[in-house]
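Novice: Quick mapping for you: the protein sequence lines, in order, are chains Y and C. Counted from 1, the first sequence has number 497 at position 497 by this note's numbering; the numbering is strictly sequential. Count along the second sequence starting at 1, add 589, and that's the number in this note's numbering.
Among these hints, one or two may not hold up.
What the hints assert, rightly or not - Reference listing, derived: stretches of chain C covered by chain Y, where coverage requires no fewer than 3 residues with Cβ under 8 Å from a Cβ of chain Y: (1) 628 to 634; (2) 649 to 662; (3) 669 to 676; (4) 696 to 706; (5) 710 to 718; (6) 785 to 798; (7) 802 to 816.
Hints in this document: simulated from the structure, not taken from any laboratory. We put the beta carbon where it would ideally sit given N, CA and C, even for glycine.
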Amino acid sequence: MRFPVLIALAAMLVASATARAVASPPTSLDVSASGVDFFYNRFIVTADGNVRVRLSDGTIVSGQTFTMDLKLNRYLVAGDVHLDGPKVHERGAAFAGYPDLDRSYFLPAEGAPERWTYYGLDWSDKHPGREQPGDAFYFPDLTGERPYIYAAGARIVPKTNVLFDQPRVYTAGAYLPLPRYVVTFSANSHFYENGFAGARADVALPFNGSEHSLTALHVRNDQFNGTYLAIDQHFVWPNDWIVASIDPLTQEQRQYNLIGYKRFSPKFEARAFLQESAASPGLINRPINAAGFTEIQLNAGLSRSGLSFTQDNYWQQLLGYRPGANDTVLTANYDPRWREHPSNATLAWTGFENRIFKFAPLLFRLRSGIGNAHDVYGEGGYPNLQPGPRELWYHYTGATLYTAPVRLKNNFSLTASFDKQRTWYSEPHQVDVADTRFSLARVFERQHVNAFVAYETRTTGDYWGAQQLAAYPPGNPNPACTVSGGDVCATPFGFIGGQNAFRGFAISRGATGSVVYTPTAYFGLNLTLAHFTDFPAPVPGLYGQPPWQFTGDLRMRLSKQLLVDVTRQYYFNFANERWTPQLGVQFSP
Amino acid sequence: MMRLLSILLAAAALTALALPSFAQAPAPAAAPGTVVRFTGQLLDVRNGYVYFTTGDAFKLAPAPKLADYDTGGPTKLQPRAKVFARAVVDPATKQVVELDLTTRRLPPDVAYAQVQQYAATGATTVRAPEIVGQNITGREVAVEFVVTVPPTTPLNAEVYISTDYSNWDPRAIKMDRIDGQRYRAVRRLASGTKFAFRVTRGSWNATELGQNGLQPTPHPYFTKEVDAQSVPVTVYAWSDDRASAPQAAQPGAIPTPFNPNPFPPGGLYPPSRATPPGGFPTPRPGQPNKPPR
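Same shape as in the complex, but just chain Y (with noise of 0.2 Å):
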């Protein structure tokens, strides 16, 4: 009786053995050779010349050529090919890897040929006869292809990124030498989450990387710090990520950037971000001041709804007080607004897409809030330079009523949309923003042009009741202006006139034609021109948009791997200026 649970026992640990033995494909791939290439276009890594490639279990497969399509992940080493392990010694003419399906497949080279088949990284049971891909031992077509990077070695880690030792890198026209380089091919978009502020330059330097982290140094350029180093650290999940950043890492005035973000489940998520602003110069030294800045976010997803909290803190001086620092007395190192601890939190709710009518594409969303601003001394924020409310609470609700695109006769296209929120403050008033917009569009299929006109008026209005002459009197524009107390405000940009009749009522309107041509999937142009009436009189810098802009952008494809796109920008007479011409150009692949 106990011969059968014996052998039944006896089964279950050879079925474990074996489920243990098919592992999961290999995590990391060591590459040696003479000389290892990236082709950047193609995602393709080469290696020639006593090849070494150390799979992740201890297993070594050499031969005299080896290559990776990363974007496909699928490698090959050819030519005398060794593989060995514990558990394995075999030679053979060629070895294909392919982890997404979990097989590799051999070509061995001793006694009559066959096709092996290998699961996973179980080395004991060889499968001969199986049938194989087609183009399993296939190499890449480089005809033509330069190298992105020449490297003495590679640690390739699927689906994620390749670490290049001892790289000389492609740049401005020279292979630059650089002790380590990380390429970064991930799937994962949370690599690329960024923990620094705008600059005109950057290059990044990617140095360290694993499959769930990258080190980079970044060269920068802004108008503010010059050109300067900066760094980041990436920390990255399938559905979590944390970047922490200095930046700039080589100038007195530092940010210290922490960002992470997790979503615990496919309905629940949060955001963190944390930011402190110090000056301390050199290299290491105490700092001489440090602020610091958070936003917490945390989004559910409801019932065909969602649901957001936000807060915002502010802390104007981390660092300690002086002792008998006298709140009543200003001194050079001494603000007693940096006791100051401003916070600011919102509970946002949004619900679905609703559609009015069963057959008809009139669509609808709600939105409502609730929020509370926080801020002691009362002393406003930038730029206010006046005091306001030490507590605001307040409160909005909102809707966006529209229509799907309604197709017309003759290629006709019609859509509609109307939104408008109410924010009521607990200071008495009351914000209105709304904004109505028509476009009608039209395609010119044998012309291969698209083209739309569009009108939309936005209104704003701040109502305080029997306070709104008090609130918006005669002769005030803002404070902002340089020239305040009559019909013109000056601005560095000239001075525009036509604010005296404003009473915190805002009207836009704006009308924008634009027609698209794209002959061909290489070509595109994009002419848009757009004219808004907007009142009070838009002031440069503060409020409202040039009157007139139009806007060109013509994209080329020059070559198989390089698109051009340039984008140039009219504002016709605004600013005291005649034309203000923005031109960009973007290559991309």
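On the provided structure of chain Y, position chain C as indicated by the hints.
Specialist: This is chain C only, laid out in the frame that chain Y set:
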């Protein structure tokens, strides 16, 4: 008469049934004394066999001739991985008697199927169900990406597609607005092209959100074996769009759309403590940046 007709019909049916088996007969063997040539790329020459990238191995004659592919003369090239070769097979012995070598890429040999009968590799006898898929030719397919944006998206907003193939460049593919709610981009992509993409407004601070306000996973894309393909995507909200969320007012400010504090100086609120006339002369620590995303 009817019987004769039935016999004729039966004979015709039998002939028709037999025809496919005739078609499946092995390729005709080469005439005695002639050789067969084919081209391919080498994997290795080892243990008396020459291996091609098709995975097939052919028996080498005891002293095969190595020649230059272009001149037919002697060559310094050795048969090794990546080298292209024209193999000359003697059908009588099924051995490769000559290899004409070159490093120049040779086109795929359409006649290869006829010489596979001379390969020495053991036949595959076991099916591999994990090898599935469709016949992808790599033909160019006109692909139209159409993105429907929230109706409140500004008319002059720029919308882009960011892909993993562009290393998630947030401005990888620029789109054209074609009406009040939709943007479009047309590209020619090879069939079989596969990537993941997200829709942005030019930076990772402004990416698409789902209806519930959560960040969606990237959209998977695959170019089918068709003449033209359309890829519709709907964006329900933008991550930087605070219009549909609370106004992120600066602390303490009265968030009016035009003026942080519309009242004239000395108006509604008393000044804060210790504020000297003319404001504070000392610079404060820098204003925090907006959080990047």
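Novice: Now, for every hint given, state plainly whether the structure supports it.
Specialist: So, going through the hints one by one against the coordinates:
Counting residues of the region 628 to 634 of chain C whose C-beta lies closer than 8 Å to any C-beta of chain Y gives 3; at least three are required, and the coverage claim holds. Figure legend: the region 649 to 662 of chain C, annotated as covered by chain Y; annotation inconsistent (0 residues with Cβ-Cβ distances under 8 Å, at least 3 required). Counting residues of the region 669 to 676 of chain C whose CB lies closer than 8 Å to any CB of chain Y gives 3, which reaches the minimum of 3, so the coverage claim holds. Residues of the region 696 to 706 of chain C with a Cβ under 8 Å from some Cβ of chain Y number 0, which does not satisfy the need for three, so the listed coverage is violated.
Three residues within the 8 Å Cβ limit are the bar, and the region 710 to 718 of chain C against chain Y gives 8, so the coverage statement holds. Closer than 8 Å: that is the beta-carbon criterion, and the region 785 to 798 of chain C has 3 residues meeting it against chain Y, so the requirement of 3 holds. Given a C-beta distance limit of less than 8 Å, the hint that chain Y covers the region 802 to 816 of chain C holds, as 4 residues qualify and 3 suffice.
Checked against the numbered hints listed earlier, the structure breaks hints 2 and 4; every other hint is satisfied.
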